[in-house]
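> As you go down the protein sequences, you meet chains H and D in turn. The opening residue of the first sequence carries number 1275 in our numbering; numbering runs sequentially from there. The opening residue of the second sequence carries number 261 in our numbering; numbering runs sequentially from there.
Hints listed in this document are in silico derivations from the structure and should not be mistaken for laboratory results. There's no promise every hint is true.
[To be verified] Which residues of chain D face chain H? A partial, calculated answer using Cβ under 10 Å: (1) Leu438; (2) Leu662; (3) Leu663; (4) Gln665; (5) Ala666; (6) Gly669.
Glycine included, C-beta positions come from ideal geometry on N, C-alpha and C.
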Amino acid sequence: MLEIKNLVVQIEDNRILNGLDLTVSDGEVADIMGPNGSGKSTLSYVIAGKEDYEVLDGEILLDGENVLEMEADARAAAGIFLAFQYPLEIPGVGTMTFLKAAMNAQRKARGEPELTTPELIKSVNAAGETLEIKRDFLKRALNVGFSGGEKKRMEILQMALLQPRICILDETDSGLDIDALRIVSEGVNKLRDEKRAFLVITHYQRLLNYIVPDTVHVMSAGRIVKTGGKELALELEANGYADYRGPATEAA
Amino acid sequence: MAADRTPAETGLAALFDRLKGSLPGDVAVREGALAGFAERGLPHRRVEEFKYTDLRALLREAPPFAERPGPADLAMAFNYGRAFTDVGAAHLTIANGHVATELTETGAMPAGIEVVPLNAALAEGHPLLAQLGAVELARLNPVYELNTAFMADGAVIHVPAGVAVAQPVHLRFVNTGLATFATATRVLVVVEAGASLVLLESHEGPDGLAYQTNGVVEMVVGDGATVQHVRLNAEGRDAVALSTLTAKLGADVTFASLNMVTGTTLSRHQVYVQFSGENTTGRIDGANLLGGRQHADTTLVVDHAVPHCTSREMHKTVLDGDATGVFQGKIIVRPHAQKTDGGMKSDALLLSEGATMNNKPELEIFADDVVCGHGATCGALDEDLLFYLKSRGLPQPEAESLLLQAFLGQALEFVEHEGVRDALIARVEAWLASRG
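Please build the complete structure, drawing on both the sequences and the hints.
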């Protein structure tokens, strides 16, 4: 279970999150929607452990343990996974090398034995099939020369391999055509189970046709201002965010 | 050399007077070179090519040249020679600047090539020695002149026309001893038309020993030949290494040279490549891993004297501690060298506040139909990339190592010989692991 309590965050004297409270239970798919600049991406980065942000107050608890004291890699080993809105290209680092390094680093941190290369290849091929990732891609440098859709599929592939406790999807639908959206959503849905929680950050309701949420939260000016079921997303799609806009904030 | 001779300059003159009678070959050539050197003395920072590496200030004294080592020293030297042992190469060991026949498997050199120790070649007046100094631009370089005056041993390697040498030839330079010393070695490599050679050089010695090496490798590459050259400076941390590579390339040649530096407190690697035949491709790459107070200088001159040639340089430097890196690269395109395609890049990653990189790329273009470019970057590791890797579970040191390997890999990938490339990658991994 992920619990966020009274989270206050700023970057360069710019207050982005203003006492945000949010709980995502095991097995729950929670969606966060909100206007530009409401702090959605900041929330995802702060949970994952990006260091540019200053946390002034509050807690982020994963199964009761405060992760704010942990480095990003320790949070990953504890089960937090962020699917980036803009996955980074890493020239010179082969995709397989990267996947092996990531999986074994997490296993090592948890005291589990490292994967052998054949075991890794087997897992990668199995996960890659669902996501329709060409094997050829795994030989290339990570994300280099990949299209937007291919990068997003690679994010979900990593998620499938790392088997996190809580999956944060930051605008995973942006830049996807209909086919890619379906493939990515199927990949995500396949990972749903009663233990794993999802925090899905979206701009548009469209993704929610494929990844059906249990709860929808509206975020504005760095706080959750309304919570409802999946019908709330449809209402927002029809009426916009006009009812929820708080005082203007500058940052994303 | 005027009245203001430094102790090192005075010492070099005295050493020469003492040694000249015993050095092999034509003493007049040596005297001419020393006179040329003495006229200007050790280069200092007001000499443009030595702006960042002031040898007059850095070389305080002229240590005596090493004698040919005895059996005990040789056995010790051999212990330092660990590089390129697993790549299936034929080894020629040069200990303290002298070919160590006891440890040299000269008989095991690949079939079809000739390898002669330089002192023998000089003494007998080997006909190929006429090809020394083939790259004119290098001849007036003071480090090269000093080498010409003092060169004691080394090798002449002759690959006759059409001979494709599959097995790499490894020049294993090892240094050992208890007191400070100097070496001057010269290697002449003549690869005739249509022949091919993989040439490895490694330079190793113990930490804590202040020795100075001056090594010159000269290559003359015939039409249609292929040369792959990899040089590793893994000298001890208190050593000074000055080195010069010259290459005169004929037509339709494929040439690649990579220099990796992990050792020495002070090093300067000078490269002079002259394109003398059309449709030739040449690459000069570098991978430098520096820490502590190490200073490593790479100075290149790429001289396009004929049309339709391609040159590429990919120089990578990683600096930690208070290390200083220098990259000076000059591409000259002479008036008739039309259709030249030249590209030079030097990138540095600074891992600490105290590290310094000096990048100076230059283009001198006198032809009007060419494509030439250069780029130089200097910076820290990308924080966003580090975060991405950490968010996948890689701890900071592993994330840094992965990015540094990728960074250096962009130069190492040009080493075509897989075993040699793997040996260099293993050096990178060992260096990264030793950062702690």
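> Would the hint on glutamine 665 of chain D stand, with a C-beta cut-off of 10 Å toward chain H?
holds, 7 Å
> Restraint: leucine 438 of chain D near chain H, CB-CB cut 10 Å. Satisfied or not?
Given a least distance of 43 Å, the restraint on leucine 438 of chain D is violated.
> Measuring from the C-beta of glycine 669 of chain D to each C-beta in chain H, is the shortest one below 10 Å?
holds, 5 Å
> Holds or violated: the hint that alanine 666 of chain D contacts chain H, with Cβ atoms closer than 10 Å.
Holds, about 3 Å.
> Does the closest beta carbon of chain H sit nearer than 10 Å to the beta carbon of leucine 663 of chain D?
holds, 7 Å
> Closer than 10 Å between Cβ atoms is the bar; does leucine 662 of chain D clear it against chain H? Give me holds or violated.
This interface hint holds because 6 Å falls under the 10 Å limit.
Checked against the numbered hints given earlier, this structure breaks only hint 1.
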